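Each chain, letter by letter, is given below.
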Amino acid sequence: MRWPWLDRSAVLLTALAVLLIVAMLGVVLGSIAYHGWERVTWEFLTAAPRAGMTEGGVFPAIFGTVLLVLLMTVFVGPLGVCVAIYFSEYADRESWFYRWTRQAVNNLAGVPSIVFGLFGLGFFVQFVGRGVDLAFFGGQLTYGQPALIWAALTMAVLTLPVVIVSVEEALRAVPQSYRDASYALGATKSQTVFRAVLPHAFSGVLTGGILAVSRAAGEVAPILFVGAAYFLPHLPTRLNDQFMELGYHIYVLSTQSPDVEATKPLLHATVLVLLALTFLLNLAAIAVRARLRVAARSAR
Amino acid sequence: MSTTVISAAASPPRPWRDWLVQRFIYASALVAIALILLIFVFVGREALPVLTSAAVHEEVTLEQLLLPQNYGTEEVPLPYVWQPVSAKPKYSLMPLFLGTLKVTLIAMLFATPLAVLAAVYTTEFAPRWLRETVKPVVELLAGIPSVVLGFFALILLATWLQDTFGLDYRLNAINAGLALGLAVIPIIYTLAEDALTAVPDSLRRASSALGASRWQTAQRVALPAALPGIFAGIVLGFGRAIGETMIVLMASGNAAITSWDFAEPVRTLSATIAAELAEVVFGSPHYHVLFFIGTLLFAVTFVLNWLGARMVGRLRARLTGATQ
Numbered sequence: 001m002r003w004p005w006l007d008r009s010a011v012l013l014t015a016l017a018v019l020l021i022v023a024m025l026g027v028v029l030g031s032i033a034y035h036g037w038e039r040v041t042w043e044f045l046t047a048a049p050r051a052g053m054t055e056g057g058v059f060p061a062i063f064g065t066v067l068l069v070l071l072m073t074v075f076v077g078p079l080g081v082c083v084a085i086y087f088s089e090y091a092d093r094e095s096w097f098y099r100w101t102r103q104a105v106n107n108l109a110g111v112p113s114i115v116f117g118l119f120g121l122g123f124f125v126q127f128v129g130r131g132v133d134l135a136f137f138g139g140q141l142t143y144g145q146p147a148l149i150w151a152a153l154t155m156a157v158l159t160l161p162v163v164i165v166s167v168e169e170a171l172r173a174v175p176q177s178y179r180d181a182s183y184a185l186g187a188t189k190s191q192t193v194f195r196a197v198l199p200h201a202f203s204g205v206l207t208g209g210i211l212a213v214s215r216a217a218g219e220v221a222p223i224l225f226v227g228a229a230y231f232l233p234h235l236p237t238r239l240n241d242q243f244m245e246l247g248y249h250i251y252v253l254s255t256q257s258p259d260v261e262a263t264k265p266l267l268h269a270t271v272l273v274l275l276a277l278t279f280l281l282n283l284a285a286i287a288v289r290a291r292l293r294v295a296a297r298s299a300r
Numbered sequence: 301m302s303t304t305v306i307s308a309a310a311s312p313p314r315p316w317r318d319w320l321v322q323r324f325i326y327a328s329a330l331v332a333i334a335l336i337l338l339i340f341v342f343v344g345r346e347a348l349p350v351l352t353s354a355a356v357h358e359e360v361t362l363e364q365l366l367l368p369q370n371y372g373t374e375e376v377p378l379p380y381v382w383q384p385v386s387a388k389p390k391y392s393l394m395p396l397f398l399g400t401l402k403v404t405l406i407a408m409l410f411a412t413p414l415a416v417l418a419a420v421y422t423t424e425f426a427p428r429w430l431r432e433t434v435k436p437v438v439e440l441l442a443g444i445p446s447v448v449l450g451f452f453a454l455i456l457l458a459t460w461l462q463d464t465f466g467l468d469y470r471l472n473a474i475n476a477g478l479a480l481g482l483a484v485i486p487i488i489y490t491l492a493e494d495a496l497t498a499v500p501d502s503l504r505r506a507s508s509a510l511g512a513s514r515w516q517t518a519q520r521v522a523l524p525a526a527l528p529g530i531f532a533g534i535v536l537g538f539g540r541a542i543g544e545t546m547i548v549l550m551a552s553g554n555a556a557i558t559s560w561d562f563a564e565p566v567r568t569l570s571a572t573i574a575a576e577l578a579e580v581v582f583g584s585p586h587y588h589v590l591f592f593i594g595t596l597l598f599a600v601t602f603v604l605n606w607l608g609a610r611m612v613g614r615l616r617a618r619l620t621g622a623t624q
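Top to bottom, those sequences are chains L and C. Read in order, the letters of the first sequence correspond to residues 1 to 300 in our numbering. Read in order, the letters of the second sequence correspond to residues 301 to 624 in our numbering.
I should point out that these hints are in silico values taken from the structure, not numbers from a laboratory. Keep in mind it's a predicted model, so treat the numbers as computed, not measured. The beta-carbon is built from N, C-alpha and C at its ideal position, and this holds for glycine as well. Some hints here could point you the wrong way.
Unchecked claim - For each label pair, taking beta carbons as the anchor points, the in silico distance ranges come out as:
no., chain 1, residue 1, chain 2, residue 2, range
1, C, 456, L, 176, 34 to 44 angstroms
2, C, 324, L, 30, 27 to 37 angstroms
3, L, 231, C, 327, 33 to 43 angstroms
4, L, 290, C, 379, 23 to 33 angstroms
5, L, 260, C, 326, 45 to 55 angstroms
6, C, 470, L, 141, 37 to 47 angstroms
7, C, 470, L, 24, 57 to 67 angstroms
To be verified - Chain L is faced by these chain C residues, among others (derived, beta-carbon under 7 angstroms):
no., residue
8, 437
9, 443
10, 506
11, 509
12, 550
13, 562
14, 564
Next up, chain L with everything else stripped away, as it sits in the complex (with noise of 0.2 angstroms):
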């Protein structure tokens, strides 16, 4: 070692990268838990807000947020298991059609947030919506309109890639012997894929779903125009309802509140019980994928 102190000093300065990372993860979080944590009581995650959002609760918003990322499932589940089953499964990867679906997912996980909005808009509520007042309610405003259904189709656009990617990894984790050992016994391979192959990947299944769930919980951009709403009297029953939102609900309180100080307080819980929600879904999906990796490796 011709310069000991120049391999000392990069080993230190790389070092310091980490640690001043890992430092500004921690002053986020921990500023917001600080601020946040005193506020968040039953009463506030259970009753709703009240004079002008500086008293009560986020119930609403909670609840609106769990509706959306349900009903986004519902939609996003299917279609991304079979969508990774394809391309793990079925897909011949020298074909056009495959390298045109890679190309596609690739850039769905690209397109900013705000575009999905913007899609949201001019595709689900003017095109599919209006469609559907026009065939069904005789062009009365019904569904025409942002509301509950439109938002979770566009959410479930826009975590497709993220419950593709992470399914797909687990049916690439199935050893090959399952499915040579399932046609062994003469299965077909619709057979092998769904008795042999989906039940040892339904962890990828799972992590792919708290992925998509949490990505969904954090995005505000998507359902700007969408269906979002600041304040309702009542809780959202049908799907063509607009909804309240915690993330929406951060951006507007913080932003477009006649008094900001008076609402601050109450506004840390809201931030706190959202990066809650997230964290802890991405602390499951971690587990999960862990255990994965470790069940993969002692399957080979």
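Here the structure of chain L is known, so what remains is to put chain C in place on it, guided by the hints.
The following block gives chain C in isolation, referenced to the frame of chain L:
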């Protein structure tokens, strides 16, 4: 592929159910292709009147969007003004381009060195247990919703920056850029770390055997080998930064000013759509211009993602060549 061989052998008396399932799976793959086309068509459809509609051209033309206009007086010329809601609407995209560029530049200058250095540390120098800890921690950073980062920048970071550096404006390009950098770090880090991990250890051992130190090995062997992957991370991070909305919407101050001063408020392309579309009249020139901006964003990120994917492909080709 043994799968295809076996399935081909089992297929001649193909049961109809098997055939149906296969069609169904192919159809869902087709849906994935259809979705990206639908996005392009339906966002582009609302943007098209900016180029073709005479009614829109009465209020705004492509020249007004892109070229300098004469909105000021002789003494104070105002060539670029974004003021869509006024007695005489003015639609110059230049302030928005400049704002996006400023915020993105700060985010990239902040995130790139940090993320790449951190990736070098975790793959080249860190003990195994530390590497296994750092990766999930950075993944947690990626899991923070952008609205939360925006909130953090709006309420806490902005105040701290103003008090520490005595800035004139609380919300400005620096504030938004730093918060945006936090969102970009995980993207660059993950891709750089993947690329460095993919560099075969035989290269590092060969370098050590020739008497190189660990830093020399990292700098002259591992980093050059992983370079396409690191560039891919930077390109994809750039794409994310340009399209990211909630952070800049909340933290940038949203003033469409044409200036190179990084301590002034800025308005980006994405934030403009988010802030204005909700209040705009459906089908008005303003509405179409906002979709036009969306199409631009879509096109730019599309090209960046394509570039990034190509670089990852090149890295893979290079490294598989190296191990053989």
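The hints, checked one at a time:
1. 456/C / 176/L: 34 to 44 angstroms: Hint violated: Cβ distance 52 angstroms, outside 34 to 44 angstroms.
2. 324/C / 30/L: 27 to 37 angstroms: 49 angstroms, violated
3. 231/L / 327/C: 33 to 43 angstroms: 42 angstroms, holds
4. 290/L / 379/C: 23 to 33 angstroms: 57 angstroms, violated
5. 260/L / 326/C: 45 to 55 angstroms: 53 angstroms, holds
6. 470/C / 141/L: 37 to 47 angstroms: With a Cβ separation near 42 angstroms, residue 470/C and residue 141/L satisfy 37 to 47 angstroms, so the hint holds.
7. 470/C / 24/L: 57 to 67 angstroms: 20 angstroms, violated
8. 437: Where the cut-off is 7 angstroms and the nearest Cβ of chain L is about 6 angstroms from residue 437/C, the hint holds.
9. 443: 4 angstroms, holds
10. 506: 17 angstroms, violated
11. 509: 14 angstroms, violated
12. 550: This interface hint holds because 6 angstroms falls under the 7 angstroms limit.
13. 562: 20 angstroms, violated
14. 564: Since the shortest Cβ distance to chain L is 19 angstroms, the answer is violated.
When held up to the earlier numbered hints, the structure conflicts with 1, 2, 4, 7, 10, 11, 13 and 14 and fits the remainder.
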